[in-house]
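Trainee: Residue numbers (my numbering), protein chains in the order written: chain A, 1 to 168; chain B, 169 to 300.
Be aware that a few hints might be false.
[Claimed, not checked] Distance condition first, Cα-Cα at most 30 Å in a straight line; then the derived DSSO-like pairs of lysine-lysine:
1) K165/A to K153/A
2) K240/B to K57/A
3) K240/B to K165/A
Simulated from the structure, these hints should not be mistaken for laboratory data.
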Amino acid sequence: MKTDEALLRAVGRADRQAFRELYERHAERVYRFSISLVRNTHLAEEVLQETMLTVWKSGASFRGASKATTWILGIARNQAHSLLRREKKGERLPEDPKGEPDPAEVAEIDVRVTRALQTLSSEQQEVLHLVFYEEMSLADAAAVLGIPEGTVKSRLFYARKALAKELL
Amino acid sequence: MTDCERILELLPWYVTGKLGVADAAAVAAHVQSCEACRLELAEIVWVRQAVGATSASMPGVRQRVWRRVMTKAGFRDTANVDIGSFLVGFRLGVNARRPGSPVRASLRVMGHNVRIVGTQRRGECETPKDAQ
Numbered sequence: 001m002k003t004d005e006a007l008l009r010a011v012g013r014a015d016r017q018a019f020r021e022l023y024e025r026h027a028e029r030v031y032r033f034s035i036s037l038v039r040n041t042h043l044a045e046e047v048l049q050e051t052m053l054t055v056w057k058s059g060a061s062f063r064g065a066s067k068a069t070t071w072i073l074g075i076a077r078n079q080a081h082s083l084l085r086r087e088k089k090g091e092r093l094p095e096d097p098k099g100e101p102d103p104a105e106v107a108e109i110d111v112r113v114t115r116a117l118q119t120l121s122s123e124q125q126e127v128l129h130l131v132f133y134e135e136m137s138l139a140d141a142a143a144v145l146g147i148p149e150g151t152v153k154s155r156l157f158y159a160r161k162a163l164a165k166e167l168l
Numbered sequence: 169m170t171d172c173e174r175i176l177e178l179l180p181w182y183v184t185g186k187l188g189v190a191d192a193a194a195v196a197a198h199v200q201s202c203e204a205c206r207l208e209l210a211e212i213v214w215v216r217q218a219v220g221a222t223s224a225s226m227p228g229v230r231q232r233v234w235r236r237v238m239t240k241a242g243f244r245d246t247a248n249v250d251i252g253s254f255l256v257g258f259r260l261g262v263n264a265r266r267p268g269s270p271v272r273a274s275l276r277v278m279g280h281n282v283r284i285v286g287t288q289r290r291g292e293c294e295t296p297k298d299a300q
């Protein structure tokens with residue numbers, strides 16, 4: 001099986017099969033991370049779409065200085081913030097306004113925890129997601145978030161304290 | 169920085185198994201003798217479970233996202249034939265795209281791509297993007 005880095009190099013040479021494989025490996029990861037940022041499944045789909053288009057166009061610029069996962073999630077983060085800024089300015093038009101998730105699909109989600117997570121800032125949610133769901137190392141989380149490792153530690157500390165306060 | 173402060177910083181990555189052997193051993197030894205850090209550890213385990221379960225229970229990505237990506241990337245195939253055998257090391261791939269778009273067919277033999285059909289738009293560059 002090819003590594004992510006090899007697939008990215010192939011994507012840089014416009015290899016569609018490699019791009020498809022990369023999408024299948026990372027789509028769920030990018031989508032779930034995006035939900036923690038934009039708090040909406042429809043917007044998260046748009047973030048995923050734009051992220052993968054950026055990967056397709058910029059695969060050749062991947063130099064291997066970071067892990068492929070870190071690089072892709074970093075792109076997703078930028079796309080999410082860009083989308084939220086446009087949304088705030090009223091510049092963004094939804095591509096499919098009827099694309100709300102099927103209520104049956106979200107019925108299984110622990111409503112209490114979800115509500116508690118929604119009381120946190122998006123910065124707190126993303127650090128919780130990267131460390132506890134993606135199980136990223138301190139260095140990788142800092143790379144995705146573009147902040148020093150010390151800031152990851154303190155942000156994570158306050159995020160988990162805030163969540164615990166909501167739930168316990 | 170006190171022992172507890174240092175251990176407290178390591179606890180999240182102790183729980184997710186991302187610490188090196190020496191750091192993990194230091195955390196394990198410390199929490200055995202420190203009740204305050206043991207309570208922090210329990211809280212982190214609980215928060216991790218809550219975050220993990222919530223993220224995992226989110227609905228998955230819908231197929232339509234991939235279709236949109238293909239369309240926006242400009243390579244949505246209207247027909248795609250891909251036959252071959254991994255065992256004998258050959259593969260034939262044909263991509264027929266929207267009217268007016270390039271059509272390509274290639275034969276992959278023992279790891280080498282051999283183009284057998286290829287049309288291109290005027291001004292379209294074959295390399296390096298199209299080189300396989």
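Trainee: Taking 30 Å as the top limit, are the C-alpha atoms of K240/B and K165/A close enough?
Mentor: This hinted pair is violated, its Cα atoms lying about 44 Å apart.
Trainee: Straight-line Cα separation of K165/A and K153/A no greater than 30 Å?
Mentor: 18 Å, holds
Trainee: Checking one constraint from the list: CA of K240/B to CA of K57/A, max 30 Å. Satisfied?
Mentor: Roughly 11 Å separates the two Cα atoms, so the pair holds.
Hint 3 from the list above is the single one not met by this structure.
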